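Can you build the whole structure from these sequences, using the hints too?
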Amino acid sequence: MPAAQHWVIIAVAIAYFAIVVLISVWATRRTRTARDFFVAGHGIGLVALTVASVSTSVSGFAFIGGPGLIYTIGLGAMYIVLPASVTNVMGAWVLAKRMRLLGEARKLMTIPDAIGARYRSPLAQGLSGVAILIGILGYMATNALAMGVVIDAIFGVGMGWGIWIGMGVTLAYSVAGGILAGIYVDVFQGTLMAAASVLVFAAVLKVGGGLAGISGSILAHDPGFLSPWGKITPLAALSFFFVFGMGSLGQPQGVHKYYMLKDPLQLRWYPLLKTLGLILVLLLYFGVGVGVKSLVAGGRMPPLAAPDAATPTFLLRFTPVVLAALVFSGVAAATMSAVNSFINIAAAVVTHDLPVALGRKTKNELAWGRISTAVLAVAAALLAQLSGTMVAFLGIFGWGLFACTLVPALAIGLNWEGATKEGAIASIATGLAVTLTFETLNYFKAYTFPTGVTVSGLSLVLSILVFFAVSWLTRARAAEQIDPDVRLVMSV
Amino acid sequence: MAKRFALALLVAAALAIAAAYASAFLPGGAPRWAPWPMALGIPAALVGVMVLGAARDGRVGRLALPFAFSGLVLAAGFALALALPADEAAGAPLYLGLPLRAAIILYGIGLFPIVVLPIAYALTFSEQTLTAADVERVRLAGEAWARGRAANASTDPRPARPAAEEAVPAVPGASA
Chain A
51 MPAAQHWVII
61 AVAIAYFAIV
71 VLISVWATRR
81 TRTARDFFVA
91 GHGIGLVALT
101 VASVSTSVSG
111 FAFIGGPGLI
121 YTIGLGAMYI
131 VLPASVTNVM
141 GAWVLAKRMR
151 LLGEARKLMT
161 IPDAIGARYR
171 SPLAQGLSGV
181 AILIGILGYM
191 ATNALAMGVV
201 IDAIFGVGMG
211 WGIWIGMGVT
221 LAYSVAGGIL
231 AGIYVDVFQG
241 TLMAAASVLV
251 FAAVLKVGGG
261 LAGISGSILA
271 HDPGFLSPWG
281 KITPLAALSF
291 FFVFGMGSLG
301 QPQGVHKYYM
311 LKDPLQLRWY
321 PLLKTLGLIL
331 VLLLYFGVGV
341 GVKSLVAGGR
351 MPPLAAPDAA
361 TPTFLLRFTP
371 VVLAALVFSG
381 VAAATMSAVN
391 SFINIAAAVV
401 THDLPVALGR
411 KTKNELAWGR
421 ISTAVLAVAA
431 ALLAQLSGTM
441 VAFLGIFGWG
451 LFACTLVPAL
461 AIGLNWEGAT
471 KEGAIASIAT
481 GLAVTLTFET
491 LNYFKAYTFP
501 TGVTVSGLSL
511 VLSILVFFAV
521 SWLTRARAAE
531 QIDPDVRLVM
541 SV
Chain B
94 MAKRFALALL
104 VAAALAIAAA
114 YASAFLPGGA
124 PRWAPWPMAL
134 GIPAALVGVM
144 VLGAARDGRV
154 GRLALPFAFS
164 GLVLAAGFAL
174 ALALPADEAA
184 GAPLYLGLPL
194 RAAIILYGIG
204 LFPIVVLPIA
214 YALTFSEQTL
224 TAADVERVRL
234 AGEAWARGRA
244 ANASTDPRPA
254 RPAAEEAVPA
264 VPGASA
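Chains as they are written, first to last, in the numbering used here: chain A, 51 to 542; chain B, 94 to 269.
Check before you lean on any hint, since a few could be wrong.
Listed next, with one range per pair, are the computed distances between beta-carbon atoms [unchecked claim]:
| id | chain 1 | residue 1 | chain 2 | residue 2 | range |
| --- | --- | --- | --- | --- | --- |
| 1 | B | Leu-119 | A | Ala-479 | 27 to 33 Å |
| 2 | B | Leu-233 | A | Lys-413 | 25 to 31 Å |
| 3 | B | Ala-244 | A | Lys-411 | 17 to 23 Å |
Some chain A residues judged to face chain B by a derived CB distance under 8 Å, without partners named [claimed, not checked]:
| id | residue |
| --- | --- |
| 4 | Pro-321 |
| 5 | Val-503 |
| 6 | Val-516 |
| 7 | Gln-531 |
| 8 | Ile-532 |
| 9 | Asp-533 |
Derived from the structure by calculation, the hints contain no laboratory data.
Every value quoted in this text rests on a predicted model; they were computed, and no experiment measured them.
Every residue, glycine too, gets a C-beta built ideally from N, C-alpha and C.
Here you go:
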């Protein structure tokens, strides 16, 4: 990279971080209670919540890993993002209203809180908290590693320092401003991500001669790339759609945000706004993936050394340096945003859900929330730095673990009065056991599923079936397990 | 009625998806029919869970049409991608810049539901989802629950709902 280009990228990154710091200082002054810290005092407006939710949904994967995956396996990689056409409105119907109303009735702060309220079960609440904590550990470590890579790429400080600098900045605003700082940093960052994504997509179309030109170039050299399943089997592609579609109902970073909306009636426009925002941000995912493939196929770019180089290579060769700098900073900020969101949820599990499950009280939840946030951040940074390839393993099962442990008990359970706590506990335990066992066997190459079968997909469908079966077997106890206010929340 | 339909759809969809996965363990790998139960099970599962969430007083009202439309679009999109012959080759006709089967998936499944579902959600919000009166009823019910817990505190071995802002209750589902 030429020195002038490098300095522009550094300058934009520094400006970006400076704005993050200013937002954090402002948010810190407004964070006075545990409720402010964990759910922004139930006081976030519609537009801010929507943009922040889009920002948290995509993380750095949409800008770096995703285009690289399309470059590698073709349109099969689109099945990870295609469910977005349905998932936001599905989440609104299934969870948004119920979660927000539970927050209204009981001032709940966490997802395990909602499970505890629904089933009147400390065990279900604690078990779901443990599942969330395990999933978050992996996500945070992988995002810490990603921060290290991106910060090293921008500032050239080495990956180890990159991890600690990135975690240090994230920690500063997470500890001080809690989720309030995270939300408004996400708003700033999400707006820039959407703008950058649209501009990069326009650049791809211009360079590639429109979508028809891009397709024509790819079809001449590698027609299978543009088959509806890309280079994977139909079963594998559809499995992606199932896990990322149905599984979206169990992602705590998204579901948790439903508590924060100031006025529940503002939910009316939330799915439409969020879906439109996501489409804008995901234009880069699709555009760079197929655009780079077309340029390589047409001989205008050398083949990539690694798939993850798709976005950086395209940006540095074909877009103005300021746009490239914005995207690089956006990727760094996206990983920080993901870490902030997860760290806040994990801190709530440690200081709130696990003590509740054990019948204990935490006396000063705000102070303990800040302390556990710092401890979790340091643990994630250490894990990222010390565990090598194990980090990638931890990151793989995060989405699947959330899906199989939370979709039945939370998403279905909050909408079906026939669900029982026994069904919820059995499904969470099934999801935990199947995911941890088979992901571990897969990592150590002791056992691998046949082509097209993923651990996350199989564990999700098994936990759903176990939930229905055990709830049916224990159905006589279903009615007595629901408090009147929770029953009202489930019926409106 | 709508909830029963939704639950039946969800169970059937989960069984279909499980069958698709199970078929991959057969000797010789997944048979040619393996993607079909998955392709039909996914739309059924998504529509089932949406109906479950949207049903009110056992009905989904005007939402029946958008739900049916979305389920059909997803199922038809997957089915066409599986059933149509591969036409991806140099010089193949393009539809909005993509080969036919890719266009069906990207525009049909990726964009069609966006035009229908979020708008249906917004337009039916007051009659099917939430009103100010609903919020008030829930708030009052929550207050009644809290009063009941406080009244029972002397006989309940678990600590009562605390009044302090920062205190955390030891009762699952109750927050400060």
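Failing hints, ascending?
6, 7 and 8
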